[in-house]
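Enquirer: Sequence:
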Amino acid sequence: MYLNPYGADAVNLAASLANRRPASAAELADRCRAAGLAVDGPATTADLRRTAAALDAWEEVVDAADDEERAELLNRILAAAAAYPRMTNHAGSGWHLHYRDAGQPLGDVLHALFAVGTALHLSGRGMHRLRRCEVAECTTIFADTSRTGRQRYCSQRCANRDAVRRHRARTAR
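The opening position of the sequence shown corresponds to residue 1107 in the working numbering, with each subsequent residue numbered one higher.
Don't read these hints as lab results, they were simulated from the structure.
These numbers were taken from a predicted model, which means no experiment stands behind them.
Check before you lean on any hint, since a few could be wrong.
Here are the computed distance ranges between Cβ atoms for each label pair [to be verified]:
{"no.": "1", "residue 1": "GLU1174", "residue 2": "SER1199", "range": "37 to 45 Å"}
{"no.": "2", "residue 1": "ARG1139", "residue 2": "THR1251", "range": "19 to 27 Å"}
{"no.": "3", "residue 1": "SER1199", "residue 2": "ARG1267", "range": "14 to 22 Å"}
{"no.": "4", "residue 1": "HIS1196", "residue 2": "ALA1140", "range": "15 to 23 Å"}
Note that CB positions come from ideal geometry on N, CA and C, so glycine has one too.
Required output: the full structure, derived from the provided sequences and hints.
Expert: Next comes the structure, spelled out in structure tokens:
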């Protein structure tokens, strides 16, 4: 997966995995590949555990009460990331920047990718652009990649559901 200047691909992968946690190492690897991440070796149960821990910490960033807390939590995750940025041409896909060491386990790669991608996304687009859906019964996490930065819902379905609810509440009076 190429890390774009705003971190959208990495933060969207983190949201996808957090919203529907992989049940197996094979599923984790398959979903990472589907998102465009080059998975170098077989995923293991240790990778699955490491990814779950990284997602737990990442969800704390999502649910932070304010920008300062969000930055503090994200800085802790960044400090714990073992990978450093490096140029690579793995799989002959062209030279690009990766936040992984050669031969690093998938769980550690994802930890670094989530941390750096989220930091780039929030610092480049705004600290408010990572959240949960505003529909009360929906807990889905999403990264706001909209042009205006005012996305409130995880999907059009939830936006429509909330609009219908508001309309019915107004007309019931």
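Enquirer: Of the numbered hints stated previously, which ones are contradicted by the structure, given in increasing order?
Expert: 3
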